[in-house]
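A.B. asks: If you use full-length UniProt numbering, the sequence shown corresponds to residues 1 to 258, in order.
Hints in this document: simulated from the structure, not taken from any laboratory.
Quick caveat: nothing in here was measured; it's all calculated off a predicted structure.
It is possible that some hints are incorrect.
What the hints assert, rightly or not - In silico DSS-like pairs for lysine-lysine, Cα to Cα no more than 25 Å straight-line:
| no. | residue 1 | residue 2 |
| --- | --- | --- |
| 1 | Lys255 | Lys232 |
| 2 | Lys155 | Lys178 |
| 3 | Lys232 | Lys37 |
| 4 | Lys135 | Lys37 |
| 5 | Lys244 | Lys33 |
As the list claims (entries may be wrong) - Okay, the calculated beta carbon distance ranges per label pair:
| no. | residue 1 | residue 2 | range |
| --- | --- | --- | --- |
| 6 | His247 | Glu131 | 29 to 37 Å |
| 7 | Ile160 | Gln205 | 15 to 23 Å |
| 8 | Lys227 | Ile173 | 45 to 53 Å |
Backbone N, C-alpha and C fix where the C-beta goes; we use that ideal spot for every residue, glycine too.
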Amino acid sequence: MSIESHYGSLCAEYYDLTKPIARPYPDIAYYCKQLSKIDSEIGSRILEVAVGTGRLLVPLLEAGLNVEGLDNSPEMLDYCRKNCQNRGLNPVLHQGDMVNFQLTGKFKAIVVAWGSFMLVETRSRAISALETFAKHLESGGQLFIDLEIPIEDFKTNGQIQQLPPVNCPDDSIILLQKTSQVDPIAQLNLIMLRYEKWKNGQLIQTELQRFPLHWFGVDEFVMLLQKMGYRKIQVCANYREDQKPSHYNDELCFKAEI
Numbered sequence: 001m002s003i004e005s006h007y008g009s010l011c012a013e014y015y016d017l018t019k020p021i022a023r024p025y026p027d028i029a030y031y032c033k034q035l036s037k038i039d040s041e042i043g044s045r046i047l048e049v050a051v052g053t054g055r056l057l058v059p060l061l062e063a064g065l066n067v068e069g070l071d072n073s074p075e076m077l078d079y080c081r082k083n084c085q086n087r088g089l090n091p092v093l094h095q096g097d098m099v100n101f102q103l104t105g106k107f108k109a110i111v112v113a114w115g116s117f118m119l120v121e122t123r124s125r126a127i128s129a130l131e132t133f134a135k136h137l138e139s140g141g142q143l144f145i146d147l148e149i150p151i152e153d154f155k156t157n158g159q160i161q162q163l164p165p166v167n168c169p170d171d172s173i174i175l176l177q178k179t180s181q182v183d184p185i186a187q188l189n190l191i192m193l194r195y196e197k198w199k200n201g202q203l204i205q206t207e208l209q210r211f212p213l214h215w216f217g218v219d220e221f222v223m224l225l226q227k228m229g230y231r232k233i234q235v236c237a238n239y240r241e242d243q244k245p246s247h248y249n250d251e252l253c254f255k256a257e258i
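Just need the whole structure built from these sequences, with the hints factored in.
C.D. replies: Have a look at this one:
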């Protein structure tokens, strides 16, 4: 059994079931507002990196925004395509790694929402990703990245946790076990996930997922953005432009221009 570093079929199914489209996620209103300012220009393109199953993409498209999606998991893109089609949407979707993707043309904005940038495991790859974003942004284009500091995982470091079962439409269930190893020096929380799908008392599918979360401090990430040529850097907390980060549980929302 191989260990996937991306979302395989069972991982993607679990994600789609536990993070359904149309739930009032806190970042949707924020991004609709931010991107509406950008999308007012005719022909402007926006790219959501790590688009997943379309959790954010679908409401952005329904708001009339010209957003394309990119993900390295074909399984996640399949769910994204299906979720869009179910709502009469037909977005442009790309398969690629956020570190080194190559797309035709440039974008007015790039969004990496909900901590997805933390999946870039090493500092060198994070730098490469920021370079890739810059190459794909128009002059004056904007980059949005959300980060967090996984302090809560420090409390369960090394423990095995069994999450509640998730019911599937075919009357099967998915069980998920997780354990994490926190390396404060490398600023890395390496989470190992085991997915099991059961039906009628029989184990019918298993997947293992390697899930690294690489975190940054606020000033540290601002300095990294500056080093990579980004400017007009702004930081707010919890998708509220008037709120500054003040607590370790805050969602850190970065906005910068190139």
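A.B. asks: All hints, please: hold or fail.
C.D. replies: Evaluation of the provided hints:
1. Lys255 / Lys232: OK: Lys255 and Lys232 at ~8 Å, within 25 Å.
2. Lys155 / Lys178: 14 Å, holds
3. Lys232 / Lys37: Since the Cα atoms of Lys232 and Lys37 sit roughly 16 Å apart, the hinted pair holds (cutoff 25 Å).
4. Lys135 / Lys37: Roughly 22 Å between the alpha carbons, so the hint for Lys135 and Lys37 holds.
5. Lys244 / Lys33: Holds, at about 18 Å.
6. His247 / Glu131: 29 to 37 Å: 31 Å, holds
7. Ile160 / Gln205: 15 to 23 Å: 20 Å, holds
8. Lys227 / Ile173: 45 to 53 Å: About 47 Å separates the Cβ atoms of Lys227 and Ile173, which means 45 to 53 Å holds.
When the structure is compared with the earlier hints, no violation turns up for any of them.
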